[in-house]
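Novice: For reference, the chains in residue letters:
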Amino acid sequence: MMNYRKHKIKWSFLVFFTPVFLWLMLLFVIPNLELFRLSFLLMDDDGNMVFSMINYAAFFEDSVYWLTFARTVGYSLIVTLLVLIVALPVSFYITKVVNLRASGLLMVLILVPFWVSEIVRVYGLMLLMRESGIINTLLVNMGLLKEPIEMLYNDASMIMGLIYTTILFMIVPIVGVMDSLDDSLIEAAYDLGAQKKDIWRTIIIPHCMPGIMSGCIVVFMLVLGNYITPSMMGGKYSLWFTQQIYNQFIAYLNWNQGAAFGFLLLFISSFVIWAALKLTGQKLTEVVK
Amino acid sequence: MIRTLPSTKFYKYGYNAFIILYFVLLFSPLIVIMLLAFNNSMFPSLPWNGFTLDWFFGEGPEKVGIFNDARNLKGLRISLYVAIWVTSISTLIGTCAAFLFEQEEFRFKKFFYFLMIAPLVVPGVIIGIALLSFATSLGTFLELSLGIDVRALSPGLFLVVCGQCSFITTFVTLVIIARLKKFDRSLEEAAFNLGAKKHQVIWHITLPYLRPSVIGAAAVAFLLSFENFNTTMFLVGSNATLPVTLFTQIKDGSTPVVNAISLLLITCVSLFAVLNFYIQRRDAAKAAKS
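Residue numbers (our numbering), protein chains in the order written: chain A, 28 to 316; chain B, 209 to 498.
It is worth saying that the hints were derived from the structure and are not from the lab. Where hints are given, some of them may not hold.
As the list claims (entries may be wrong) - With a Cα cut of at most 20 angstroms, we get these calculated SDA-like pairs of lysine to any residue: (1) B:K217 to A:I295; (2) B:K459 to A:L212; (3) B:K390 to A:S207; (4) B:K318 to A:K224; (5) A:K224 to B:G403; (6) A:K263 to B:T456; (7) A:K123 to B:T212; (8) A:K123 to B:I292; (9) A:K173 to B:K217; (10) A:K37 to B:R393; (11) A:K263 to B:G461; (12) B:K389 to B:S362; (13) A:K123 to B:F379; (14) A:K224 to B:D491; (15) B:K459 to A:L108; (16) B:K318 to A:L311; (17) A:K310 to A:I295; (18) A:K263 to B:Q457; (19) B:K282 to B:T463; (20) A:K305 to A:L108; (21) A:K37 to B:A386; (22) A:K37 to B:K282; (23) B:K389 to B:L431; (24) B:K271 to B:L261; (25) A:K310 to B:F480; (26) B:K389 to B:S421; (27) B:K220 to A:D182; (28) B:K459 to A:L179; (29) A:K310 to B:K217; (30) B:K459 to B:T475.
Unchecked claim - Some chain A residues flagged as far from chain B (calculated, every beta-carbon gap over 10 angstroms): (31) P58; (32) D71; (33) S79; (34) Y83; (35) V100; (36) L111; (37) K123; (38) M169; (39) A183; (40) Y191.
Using N, Cα and C, we set each Cβ at its ideal position, and we do this for glycine too.
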C-alpha cells in the first residue's frame, strides 16, 4: 500500500508543484529581485548602467523624501491604533452584546460596504465632506454655519478616510477570535466582582490577541501601501510615500530611484510586521489565516 | 456587559448610540452617492433640482448617461475581461497550491509556504513596480539578444493580469487550504483501498468536497481583481480599467455619471452579498441536518 502510494505521489507532486513554482518565481521572487538590482544602478554620462548607492543616498540627503517616509510610517501606526480602538467595541457588540439573530445580519451589513471598490467609498466621503458637500450644505441651511468650510484636503480628513477604508480588516479577524471566547469566563469574572476594564485587560484582550495581531498587520499594510485615499482626501502637504514612488516611476521616469524607494517601503513594512510578531510572540504563518 | 449580564442604563444607551453612529457613518457615503445619481444637476452635490434618469440614459450633449458613456463602458469591459482571466488563473493555481501544501511532503516546504504567504504582506504598489521592472528588463533583453519584440511585456492587460494573479492567488490558496484542512483523509484511504487511482480520488472525492470553497475563493478573486488599483496603475498602459478611469475622473472633478456607475456597482455587490448570505444559511441548515 505504502509503496503504491509513494510511487503515485511523484506525478501528483509535479502537477501541483510546477504551477505554484512558476507563479512564485515568475510573478513574485524574480520581479522583486530585479527591482532590488535596479535600485543599485545608475545611468552614467555615457548612458551605461553602473553600480551605485546614489539612489539610497538621495533618500537620506533630500529631506522631502525621508520626511514623507517618516510621516507615512508614523501616520500608518497612528491609523492602525485608531482603527483598533474603534474596531474592538464594534466587534464586541456583534459577538457578545447584540442577540444572536441580529449578529449575523449586522456582520453582513458591516461587510457589504467593503465589497464596493475603495475609490467609490472614498468618493462618497468626498461628496459628504467637501466645500460644496452635503454636510456643509446642511449646516449652512440650518444656519449653523455662515459659509461652507473646506473639511477635505488636510491630514485629519485623510486619517478619517484611511480609518473608513480599512476598519473592516480589523473587525473580521477580531470577530473571529471573540466568537470563540466563552461567555462564562466573562460572567465568572463579573460575579467575582471584576471591573469592566479588568475584564478587558485580563480576559478579552489576551484571548483576542491573535485576531488583533492579524488585524493590525493587515491594516498597517493597507494604510502604508495606500495610494487612493491620501491622493483623494489628503492636502497638498499630505504626501504619502507611495506617491513618491509613483512620481519617480511615472512622472520622472527615474525607475532606479523609484526602485530604491520601493525597497525602503518594503523594508519598513516587513520590519514593523516582524517586530510586532516578535513582541507578541507569534508567527506570520499562524497570523495570516 | 454581555447579553447575559445586567448593565447600567447609561452604559447600554451609550453603547447603542456608538454602534448606531458607526453604522450611519459606514453607510452614509454610499447612500449619498446613490441619491445624487438621480439629481438633475451638472454636479454631484446639493441643492436638489429634481429627479432625473439622465445620468443613466442621457444621450448628451449636456448629460451623457452611463449607458452612453463610451469611456466608462470601455473601462467596465476591460475590468470584467481582466477579472475573468485573473479569477480563472488564480483559482487554478490556488487549488494546486492548496493540494501541494496540505497533501504533499517535500523539502523546503516551510520555505515555499512562507513564499506563498509573502505576497499578502507586500504592498500592492511594490508588486506593481517589481513586475513592471522585470517585464521591461526581460523585454529589453529579448529585443537586444534575439531581436524579437514581445508586446506583452510592455504595460498592458497581460501584465495587469500577471500582477493581480501574483497576490490574489495567495488569497485563493488560503481559502481553499482552510477547507482542505477539515477534509477527512480516511475517505481518500477508502477510495485507494477500493482501487482508485490518485487522479480519480482527487476528481471524484476531494474536488467535489472542495467545491464550495473553490467557488467562494473564485468570487473573492473576482472582486479583488475587479476593484484593484494599486498594482494595476503601474501596469495598465493605455487600456484603463474601471477603477483607474474612475480615479482620474474623480481627481479631475466628476459629473454625476460617476455616481450612476457607483450605484450600479453598489447594487451588484449588495445583491451578491444577499445571495451569499442565503447560500451560507442554506449550507449551514444542510450541515445541521446531516
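Novice: Identify every previously stated hint that the structure contradicts and give their numbers, smallest first.
Specialist: Those not satisfied are hints 1, 2, 4, 5, 8, 9, 12, 13, 14, 15, 21, 22, 23, 25, 27, 29, 30, 31, 37 and 40.
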